[in-house]
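Number of protein chains: 2
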Amino acid sequence: MTTQQLLEQIKKKNSFLCIGLDVDMTKIPSFLLKEEDPIFSFNKAIIDATHDVAVAYKPNIAFYEAYGIKGWESLKKTIDYINQNYPELYTIADAKRGDIGNTATMYAKAFFEDMEFDSVTVAPYMGKDSVEPFLTFENKHTILLALTSNEGAFDFQTQLIEGKPLYQKVIEKSQTYNNADNLMYVVGATKAEYFKEIRNIVPHSFLLVPGVGAQGGSLQDVCQYGLNDQVGLLINSSRGIIFASNKEDFAEKAREQALLLQREMSDILKERL
Amino acid sequence: MTTQQLLEQIKKKNSFLCIGLDVDMTKIPSFLLKEEDPIFSFNKAIIDATHDVAVAYKPNIAFYEAYGIKGWESLKKTIDYINQNYPELYTIADAKRGDIGNTATMYAKAFFEDMEFDSVTVAPYMGKDSVEPFLTFENKHTILLALTSNEGAFDFQTQLIEGKPLYQKVIEKSQTYNNADNLMYVVGATKAEYFKEIRNIVPHSFLLVPGVGAQGGSLQDVCQYGLNDQVGLLINSSRGIIFASNKEDFAEKAREQALLLQREMSDILKERL
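For the record, the sequence lines run as chains A and B.
Counting from 1, position 247 in the first sequence corresponds to residue 247 in full-length UniProt numbering; the numbering is continuous, with no gaps.
Counting from 1, position 122 in the second sequence corresponds to residue 122 in full-length UniProt numbering; the numbering is continuous, with no gaps.
FYI, nobody ran anything at the bench for these hints, they're computed from the structure.
Honestly, I wouldn't trust all of these hints.
[Claimed, not checked] Within a straight-line C-alpha distance of at most 30 Å, the following computed BS3-like cross-link-like pairs (lysine-lysine) qualify:
#1 LYS109/B / LYS44/A
#2 LYS27/B / LYS140/A
#3 LYS76/B / LYS77/A
#4 LYS76/A / LYS70/B
#5 LYS77/B / LYS76/A
#6 LYS76/A / LYS247/B
#7 LYS164/A / LYS191/B
#8 LYS70/A / LYS253/B
#9 LYS191/A / LYS173/B
#10 LYS27/A / LYS12/B
#11 LYS27/B / LYS34/A
#12 LYS109/A / LYS247/B
#13 LYS44/B / LYS70/A
#14 LYS44/A / LYS76/B
#15 LYS34/B / LYS109/A
#16 LYS77/B / LYS109/A
#17 LYS109/A / LYS27/B
#18 LYS140/A / LYS70/B
#19 LYS109/A / LYS173/B
#20 LYS173/B / LYS164/A
#21 LYS140/B / LYS12/B
#22 LYS77/A / LYS12/B
Computed from a prediction, not measured in an experiment: that's the story for all the values here.
I would like the entire structure built from these sequences, with the hints used as guidance.
What follows is the structure, encoded as structure tokens:
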């Protein structure tokens, strides 16, 4: 999918909501456990109930990988289901991969070709030759970890190199890579002011923002500094939506939570654009 | 496997060789493509031919993931084959994973429990809460990326924070994490002098060293600064061994290449220990 197509979807739906499919077998409604593939059944119901209020879905690959081959089958069925039934939706493989050259190409093929995701999250630690192989794929995005929303982000990401925090160095440096147009960045919602500094470096890039809601960040604060004139934000919510209920009404309750966020987004877009 | 058991195996075999199972369908002997699972057949032959001269095997997960569910089946068969037939061998899932809290635990379970690897490589960018969940598993090692052997390593890893390169900060900081005893580090063989500095910080830790041979580092140079009195090194070679021939004799030729390295290691151990 192109950035333009993503933007058109955002404008049509008045939403820049991404739903994180971090599906934990111990948290889904117990009646689903009788199904042949409980994780896929859960995802299918969530997607069917929310596809018109969300623009993107982000399975966290770890949750599938943890169930071995069965988990990969659930993941493949989920991405195929989205691509076949809701081709307008933007898909993110939250894999946080990072390896070099040929290996990076293998990962890129796994997610862009075998699985047909629109984008994949990538870790920056290994530098240029671990990121560029992902960037060569046309109409696919590479979402580079910049500033994450966890406590450990302060171990290295905010440490200063020549007076600038590492995460800013990561963004600056990555903008010099070949096909940097295909880059987006993960920026946690922990401190809204960070978005101000990041927008100085990449005024036009899309930012994928975890940490709104469950992890404590405010949508209003993030939008104040993070929105640009092409929206430029995808706000992710996972548990707050998908685990809103663990009863028969789980999909309905997920929709309610998604709608609450979408309405807030719609108001912000009306004000700002 | 405990570090002590790994060390005993090293002493018994006079080898600290790790063989990288970076198996590319386009590079294995073409007659294997008729087999039901060519990648597993290839790995089985390589392992059977080299298990007495190598102490560790390191499948690079990307190469399996790229083939989707089939690739994961080949990987599972490979690790099961090793654990059932050669339980003394040390196994490394070269996955370079990095995610937080619960997600990290899911990754750890995937590799330590579902797959029963002895260790997994992990990226440090997200800090403490992305590493510690791996460290809680008993008799399992977490091999943290410190200094990699690729060109992109200079983008961030060697950048100075308070006068020290990031990779040294990563090693220092990670030594303060809970269960730091379960840590090993990936250190590329690009510059032997780096090992001197690293041994000042972690005199006792095992270092997994890629980049000897194909990527240009010298075994002698690495050992000069990297060996400690408990050996403390695992030297990885992938392509130079597994793709030594792409004909019927591929396993035999792989053994020859492995033996060359093992003999060099044996001489170094005799001299040094």
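Hints and how they fare:
Restraint check for LYS109/B and LYS44/A: the C-alpha separation of about 25 Å stays at or below 30 Å, so the hint holds. For the hint linking LYS27/B to LYS140/A, the alpha-carbon distance of about 27 Å falls within 30 Å, and the restraint holds. A hinted pair counts as satisfied when its Cα atoms are at most 30 Å apart, and LYS76/B with LYS77/A qualifies at roughly 21 Å. About 12 Å separates the Cα atoms of LYS76/A and LYS70/B, which keeps this hinted pair within 30 Å; it holds.
At most 30 Å may separate the alpha-carbon atoms for a hinted pair to count; LYS77/B and LYS76/A meet this at roughly 21 Å. Taken as a hint, the LYS76/A and LYS247/B pair is broken in the structure, with Cα atoms around 35 Å apart against an allowance of 30 Å. Taking the CA atoms of LYS164/A and LYS191/B, the gap is near 27 Å; set against the 30 Å cutoff, the hint holds. At most 30 Å may separate the alpha-carbon atoms for a hinted pair to count; LYS70/A and LYS253/B exceed this at roughly 36 Å.
The hinted pair formed by LYS191/A and LYS173/B meets the criterion: a straight-line CA distance of about 24 Å does not exceed 30 Å. Under the criterion of a C-alpha separation no larger than 30 Å, the hint pairing LYS27/A with LYS12/B is inconsistent with the structure, at around 47 Å. Taking the CA atoms of LYS27/B and LYS34/A, the gap is about 43 Å. The hint is violated against a cut of 30 Å. With a C-alpha separation of about 27 Å, the suggested pair LYS109/A and LYS247/B falls inside the 30 Å cut-off, and the hint holds.
For the hint pairing LYS44/B with LYS70/A, the CA-to-CA distance comes to about 24 Å; that is within 30 Å, so the pair holds. Restraint check for LYS44/A and LYS76/B: satisfied, since their Cα atoms lie roughly 28 Å apart, inside the 30 Å limit. In summary, the hint linking LYS34/B to LYS109/A is supported, as the alpha carbons are separated by about 23 Å, within the 30 Å threshold. The straight-line distance between the Cα atoms of LYS77/B and LYS109/A is roughly 22 Å, inside the 30 Å bound, and the hint therefore holds.
Between the alpha carbons of LYS109/A and LYS27/B the distance comes to roughly 17 Å, so the proposed pair stays at or under 30 Å and holds. The suggested pairing of LYS140/A with LYS70/B holds, with an alpha-carbon distance near 24 Å, which does not exceed 30 Å. Distance hint between LYS109/A and LYS173/B is unfulfilled; the C-alpha atoms sit about 34 Å from each other, more than 30 Å. Only pairs whose Cα atoms come within 30 Å are accepted, and LYS173/B paired with LYS164/A is accepted, the gap being roughly 19 Å.
Between the alpha carbons of LYS140/B and LYS12/B the distance comes to roughly 21 Å, so the proposed pair stays at or under 30 Å and holds. Restraint check for LYS77/A and LYS12/B: not satisfied, since their Cα atoms lie roughly 47 Å apart, outside the 30 Å limit.
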